[in-house]
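A.B. asks: These protein sequence lines are chains A and B, in that order. Numbered according to this note's numbering, the first sequence spans residues 924 to 1227. Numbered according to this note's numbering, the second sequence spans residues 771 to 1216.
Just so you know, these hints were derived from the structure itself, not from any lab. Mixed in with the good hints, there may be bad ones.
Calculated lysine to aspartate or glutamate pairs in the DMTMM-like style (CA-CA distance at most 25 angstroms, straight line) [stated by the list, open to error]:
(1) B:Lys1130 / A:Glu1139
(2) B:Lys1198 / B:Asp1145
(3) A:Lys1115 / A:Asp1084
(4) A:Lys1146 / B:Glu1178
(5) A:Lys949 / B:Asp1145
(6) A:Lys1043 / B:Glu1000
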Amino acid sequence: MRKTTLALLLAVWGVTFSSPAAADLKVFACEPEWAALARDVGGDKVDAYSATHARQDPHHIRAKPSLIARIRRADMVFCSGADLEVGWLPLLLQRGARAGVQPGTTGHLMAAEQVPVLEKPAVVDRSLGDVHPGGNPHVHLNPENILIIATELGKRMMALDPENAAHYRNRMASFSKSWRAAMDRWKHRTAKLSGMPVIVHHKSFSYLFDWMGLKEVATLEVKPGIPPTVSHLNGLLRTAKSVNVKTILRAPYDPSDGADWLSAKTGIPQVELPYTVERNAPAGALINLFDRTITLLEGAHAGS
Amino acid sequence: MSTPLIRPAAIIALSVGLVLSPHAMAQGVTGSAAIMKEIRALKEAYEKKTAELEAKIKALEAQKSQQTAKNKTPAGRRIIKDNSFNPSIGLVLNGKASSFTRKTAGDMAGFAIGEEGERGNEGLSIDESELNFSTNIDDKFYGSLTAAIVREEGEDKIELEEAYVQTLPNAGLPDGARLKFGRAFWTFGYLNEQHAHADDFADRPLPYRAYLNKAFNDDGVELSYVLPTEQYFEVGGGAFRGDDFPSGNSVTGLGGSSVFARTGGDLGNNQSWRFGAYAMYSDANARATEEGEVTFNGNSYLYAADVRYTYAPTGNAKAQELILQAEIFQREENGTYNVGGGAVALDDTSVGYYAQAVYKFSPSIRAGIRYSQLDPVDTPAGLVGTDLDSRGHNPRTFSVMADWTNSEFGRIRLQYNHEDLNDVATDKQVILQYVMSLGAHGAHPF
């Protein structure tokens, strides 16, 4: 019985080495926004897969079998970094055992390593909640960051798939042109939103607020990852009234109970902001994400 | 960014010094009006300059805060959880308060049980306190050691649960391949690989207690390989020393081997499944069980299959989740049992299985049920009337549990077991358990 198994193992080995390399550059993205960006920059030469969908909290994902199989065959791992995926990505990388996508390789791209990171804590202790020692990892909600990350992504794709370097270069050029045009448009629209005070469930939108100049007055969570408590919410009740908070914001995966309560008590409207794009979103989805987000915030600003 | 701020600050300090010092000088030196006048002029000039600079700083600060003056720093390629070059350290503290209706633990009908497979202590007691050190050794290897401090026969002892080295993906093996060597909770079934503190129930199900003495962690080596296929397939096998149950007292130092295969995937966005099949050969030499009263010489073949299904209604397993899990074991033993009355030949097959369902109602509240059963071998003539005589009884346990999770690091659990291990009496058990983990804590696999 043992001999048969050994033969089987060897046969499997043989198949692995003789299998022809697939044409597409396989990108394993941890979150949908990075899969969408990979499609924007890579076009039809890239097969981008997102490990999570828009209603999943990327902090807490199981290292499930399908993800091991995906990362096993990936040419590039493209994630937020800054410890957002610390609970599952290291395990996947270890289990998938794919050398070309390990930390430090060209095939390992962490967005937060490319851009300035906000809210890096000076002290790290579990009593402070689920803090990220590497700073706030939700970097994709600042369009300026997207441009920086896309440039690095384009370079990595050219290095990993030199045959199609010209293709990536062209797509990169057209992407950055249309993105810059969109940014000009957004800057114009968001000018009047600057300084608007808001309350947010979790610090998921810090980069967006930072870019737009919104004022995050408080979070519904007591501390990062620690759900709202009655006493904390009562405190927010006073804060919300004193600083004239315009809206209460939460990501689609945040529980709505805290926002519902505060909204009912204060009459301040709550808005579910799209944190990211759909899992299989086509190229161009990121531009729509910012368009939609700004429209929702404009609504909140005008409504109160 | 700091230079434009430092320079005005230095000028301010200088000018403040100049403003103060003339005072001191004025008291000591008298009659030098010309000098005083000159100093006053200087002072005025500096005051004017300072005011200008202050205005400039204010303007700069305002501009800065309008952009983004929060503490922006690049994240860098730093692995933070690992205290730079020190190994990560993790501790698990756990203990129980138990109450049993049977004051002495009954025998598991038809099975000879190892020490770890026996019922826990009644009353208040702590369980194994685990201490784990682990880190990447270099670019090619990862190392981990887990020691458990346990109380046995009135003494606190250290048990080495795991001490292994594992290859990292850069070690030069083909993609998808991993080699693990040392002592570890080897790949066999679902629960074996995980530490008991990660279980969903306060005790291991009957087949684990009977067939693996709670868990199989012999010294050995294991190779595994994830296939480059669309669907997850992993195959592997190991060679073991042959000292740990179901082996015993290895003569050659190579008394066990195993093979396994696993597959799994998703059903839509929020459901996942996994299936595995395992086989293990063990050479047993005077393997002692039942506190040394029963010994076994011979071969043991253990086969197992496990299946697991998870469903998280929103995709967020942290919020709500249903987990269904089942494992079945079959053991063929070929050898001789000695229960004190001489060697009795045995060549037969027994079966054990369990199935459980756990539902997470909210991030902190879970409840679960579990049923486990063993079907022993037909008692050979020579063992009738001994501890190994099942008298036609199938040991079985029904368990219900509910637990409260304050954070992912702390959990308190209440469990009830309705345990019929033999035909003598039912043991009704109530267990209140706490499991707390401190420090670094590795992620648990699917």
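A.B. asks: Could you tell me which of the hints above the structure violates, numbers in ascending order?
C.D. replies: 1, 3, 5 and 6
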